[in-house]
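One-letter residues, chain by chain:
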Amino acid sequence: MANTACFVIVGRNNSPIYESEVGNAPKKDEAMHQHQFILHAALDIVEDLAWTTNTMYLKSVDRFNDLVVSVYITAGRTRLMLLHDSRSDDGIKNFFQDVHELYMKVLLNPLYVPGSRITSPYFDTRVRALARKYF
Amino acid sequence: MEPNVSIKSGCMIRVAVLPVGEMPAAHLRDYVAMVLQHSRIDLSSVSSFYTEHQKSPFTQQPWEKGSLRFKFMVGGAARSPWEDFQAQRKVLGVIGLCHCPLSHDLGAAYDQFVAICNAYPSAQTKRCFAFHPSDAQVEQDDKKRQHLVLFPPADQQTLEFHMHTLMQDFAASLLMQFESWVLLAEPVGATLTTPLDSQATLNAEEVSKAKKRRLCRVQKTIGDYCLLAGSPVDANAHYTTAIELARLTGDVFWQAGAIEGSICALVVDRTGQKDQALEEEVKFQYFEVIQLYRRATALIFELEAALKLARFLCRKELAREVSDLLTGAVESSKNLTDASDRLVLFVEVARIFEAVGYQRKAAFFSRQVAQLYQQQGSRWAAMSSLQVLLMTAKSYHIQSRSSFLKGCCLVFLGNHTFCQVNDLYSLLKWKSSQQPLTDENRQIFSIDVGCEGQWSTLQMDVLADTLAAAVRAGDPLAAWKAAAQLLRRHYPLITPSSQVSLAYALSSVAARLPTGSRCSEPALPFIRLHLLPPLPLQMEVVKRTLGKKDWWAGPSSSGPFIYTPFTSKGGDSRDNEKVEVTWVVGEPVQVIVEVANPCAFEISVDSISLSVDSGDFEAFPLSIVLPPNTAQVVSLSGVALSAGSLVVRGCFVNLDGIVSEHLFEDIEELIVDSMKGLSLGDPFRSAGGTKIRPSPCPEIVVMPPLPLLVAQVVGGEGAVVLYEGEIREIQISLSNAGVVPVVEANVSLTGKQREHVISVGHNLLQAALPLEPGAAVLIPVKLKAGPPNSELENGLRSVHGSRVKVPKEGNCPMLIIHYAGPSQQDRTVDRTESVQLPPGRRVALPLQLHVLRGLCLAQARLLSMEVPAQISRSLPDPNSCKPSSLESAVSLVRMDPYRGSWSLRLLELELWNATDVLFEITVGIKEKKVNDGNETELEAECLYPTTRIDREYSARVLIPLEKFKLPVLDKALLGKTSPGRESRNKLEERISSTEKQTKKDFNAIIEELSSRICVKWHSGRNSSGELPINDAIREALQASAVDILIPDPLTFGFRLAKLTSVHPADYEDACDHHVQVDGENEPATLKQTNMKNSVLAREVTPIEMLVRNNTREAVTMTLSVTCRDVTGASCLGSVGEKATVLWAGALNGIDVEVSANGEFVHTFALCFLVPGEYTLLGAAIIHHATEALRPQAKILQTDNSLEPLCFSGPPFGVHVAGTS
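From first to last, the protein sequence lines stand for chains L and Z.
Mapped onto full-length UniProt numbering, the consecutive letters of the first sequence carry residue numbers 1 to 135.
Mapped onto full-length UniProt numbering, the consecutive letters of the second sequence carry residue numbers 1 to 1220.
Pulled out of the complex, with its shape left as it was, chain L reads as follows (with noise of 0.2 Å):
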């Protein structure tokens, strides 16, 4: 089965701060821009749903022709967002979990100006080995 993932950090003034597509369905350009797009749409509802619950994991949130968007989001107002297919709720979450791990490590990197974008290629790198792990 193919499955679309768009998966997009979004930093706290609402600009991307890492993006890939971990899917390995056939990469088509104008695609991964709508699923971009989707993300972005998706991001006024993830506002309102951030205050009425104390969970970081909001589930999907919003969906759009066939594609889901689960939010998780941290304690820091970024937001990790995941444009995927209907899949099992428990790997998004534990892949959620992990990048959030990671993410931590990247913060913790002095030389990081939070709100700037991630250019390590090992986060990348380690953020596609968990999207094959969980998808």
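There's no promise every hint is true.
Derived SDA-like pairs (lysine to any residue); straight-line CA-CA distance at most 20 Å [unchecked claim]:
#	chain 1	residue 1	chain 2	residue 2
1	Z	Lys316	L	Val46
2	Z	Lys8	Z	Arg40
3	L	Lys59	Z	Arg320
Here are some, though not all, of the chain Z residues that point toward chain L, as calculated from beta-carbon distances under 7 Å [unchecked claim]:
#	residue
4	Ala319
5	Tyr358
6	Arg360
7	Lys361
8	Phe364
9	Asp461
In case anyone wonders, no lab produced these hints; they're calculated from the structure.
All values reported here derive from a predicted model rather than from experimental measurement.
The C-beta atom is built at its ideal place from N, Cα and C for all residues, glycine as well.
With chain L held as given, fit chain Z onto it using these hints.
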């Protein structure tokens, strides 16, 4: 599907509004606007036009509170297949609009109107409004045209009033039509069908079922009309019946329609009292409606119902519910077959999301709408797509702050699609009209922009879509904007090839725009303020302090201390001064900006000029070409035209004929972002990083016109090359280039090496004032080069002969001229107020002096030379050399009074010419001349020929010291000095004050002498100077003068004795001549002298030898006389034939004792046998020399004290003439 549906749309009467005849768009807009004002007409105002023909079926009509609502379909509408299902979908009225001045034939226009009306069979009320009819048209009007209404020509207000009345009339007639329809509606004949009803197969059972359903449908339709007539209570009654009937007959679709109608009636009935219960009721009912529609497989109505509910619930608190509804609607829209239905749905969804505050969701669906439009492929669709995309720009933070504030532009849409496009456009514009831009909003938005990051992937995508849509829509300006934004904001993410194609798109789009079009969005290149240079040193403005003569000096420090820490507390006060920039009206200024092109293509900017916030400013444009990936620092200039203050805001850039303004603050934001890591790249990276953050452009003070002096060194290139000691006068030209005369001016001198400048022509400058604009004055400045610049010297040493090194600016003396214009304000402004003087200015002219090493003095020595004296009747008289004597002043040689010989003293200067030019040396004497009591120094040029020193040669210059009238040292004085000097240790106690005085005198003499010698040089045509060698001369004199000037202890002299055989007469003559020509070098006179002074051969000549003791002790000595011929052989020693000289008297071993300062005369006679030149020499041997003589002797002989001392006198020449 229909756009803009809401729960209340069930009570809206649909009226088509159409232009009739020729109708310009502008007029149509005005007329339509007039009609649209009356979308709601109160029943109370309708009542006056209403006549009750029969008993009204609307028993519960609320005449006081109720109203009729209209929905105007501008441009008409297609006939809906669902007209029977919902009465509000019918077009129930038609309004024609006619612009009479353009439709001359009213009849034809009316015919056109009638034809239009035929397309709307359901329309029962028709009006054709004709505006601005001419008198002829009014006459033309006959009663046949029942629907034509002519508006009398009047102003807008009156027209609106008429329109108001006519619309009330229109509403009344519609109401009456509804009444008649309801009264006539009989369930028997009515056929109410929908596309859902299958008409093909009507079996018996279905026919009977249909009959039952008909009653329900009629009830529902009556309810619709009641609702349209503004009577919700009546409507509700009918709907309730209809619902019951529909439930019985299982007519699901109509049941849903009836429920919808009843909800509408409920809501209209309770207008203004929206409470929780109503909301719950509506929600509950609508969920049922949606379920029913779903069962009836009426997808469109299901979606519409969802949208209606969502719009009803549209509140921030219920956002989640609304969002779920809409998401569900979008989800089910996958089954929609018609693209336009989906379009409408997305438009509606976007609008509702926007209303609920979900901007990003709205933007997302707007983009979906744009994409659907783009799929249509027509130009109009592309235009709509562009409009929609432009509206999403804000949500994706594409719009820059400046362009957002300028508001969105309205694009006129063509006539025939006016309805459709306008409809959608107005829908989408709804939000912006709802929230007019207030200052508060602006502020909020700008804060938003500041903290909101960029999702560049999305932005690029939207921009690319915008560009594509704009190109297809034929909107070059929008295309240019989009391409510019893409390039400007996202160039790091765009591949070079795409960049090039974007650049191509930019230029091709620009070609379609008229040149000089303005665009709010700046494109490339990036421009930032590099430096705002203060006025150059030549034009500096100085504040004038009132009532001070030296006004440029600034206020003097008050208080007793020279230094107070408060006045010179550097730090911030200096920073403030730095920021202050002053410009003067009418004078060109320059601002240095940095222009960067980080893209992969070449940018050729047609013109770039400064843009100024306020104030009158004329900028001078500049055109530049920026190669790929480069940055340049460009100096932009301009002229301020009026006094005041201004801020340089940015630059106007003309790129391919499109003018846009690049603001400095925008670029600073960008740079700050890139420093924070938020932005992708720094365009100025190639220019050397962003470490220096430019300060924001300060406010610049523009001064009223001031005078402007231009100072210039005449000739040369401003630099003066001088040799050491050179004296040169240079001219400095001062011209007033301003428009105000210079009234006061003052020259002062600062900087290093000020000593080079001897004098400045202050008087000439003062005399030339006031200097009118355009006038010029020349001031002479006299320079005298001091010691050479050490740096240059080093440079010369390393690179010999080439003057490559230029001294630093600060090393030069600076001529600073403070000047000011007239202070006219003195008269106009009241004295009591603080009088503000117009500021003065300062011009600084660095005199670039390069002092080169010229001649160097290698050595200076004092030489002495002896010339044998001629024997004569008298001894050479020491007194004859006194300064009073004219003869000695002319003569080079003078008699040494203590040696008895003619001696020549010369000062030898050895000079080395290290330069590469030729020097000529002349020696001069400065003479003091008393002139009217003032002692002035004059220079007397010496007559000696000049000495030439070639390059890299050295030469010796001899200066005869006779010229300098070395005063004769007193005999006694010397007598005193010599013992004091010779045995200092022993005689120290004897040194009296007089001796000290003597030494002082001696030094003073040397001092005076050295100061009077002036060695001048010339080189080339115009460089001349004086060698600064006074010190060297003094040293030379002091070292050697003592040895030369100190007299010998013994003086020898010879003279002819008085008794002689020479004829007395001849002798007298000889004496006379001797006086005049003694010592002359010239051959003629020498011969004469020889003739007169000569001794005849073969005659006995008595000769006296004088020996003088110059010491202060008596000396015992043994004298001897020798005579030598020209070969140097002694003549006296030989006897017999060989003897050439015979003698009488003692010549050897004459023992005498001479008292202190005494004289001894020894007489003898000689007889010369052979004529010729002879030399007489006197000598003395002192056997028991005293200490006083010893040091003198040491000079001549060995230092053995036991040996007798031997002194010899100077040779005396004897010329023996032959007897003829």
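Status of each hint after checking the structure:
no. : hint               : verdict
1   : Lys316/Z x Val46/L : holds (14 Å)
2   : Lys8/Z x Arg40/Z   : holds (13 Å)
3   : Lys59/L x Arg320/Z : holds (15 Å)
4   : Ala319             : holds (6 Å)
5   : Tyr358             : holds (4 Å)
6   : Arg360             : holds (5 Å)
7   : Lys361             : holds (5 Å)
8   : Phe364             : holds (3 Å)
9   : Asp461             : holds (5 Å)
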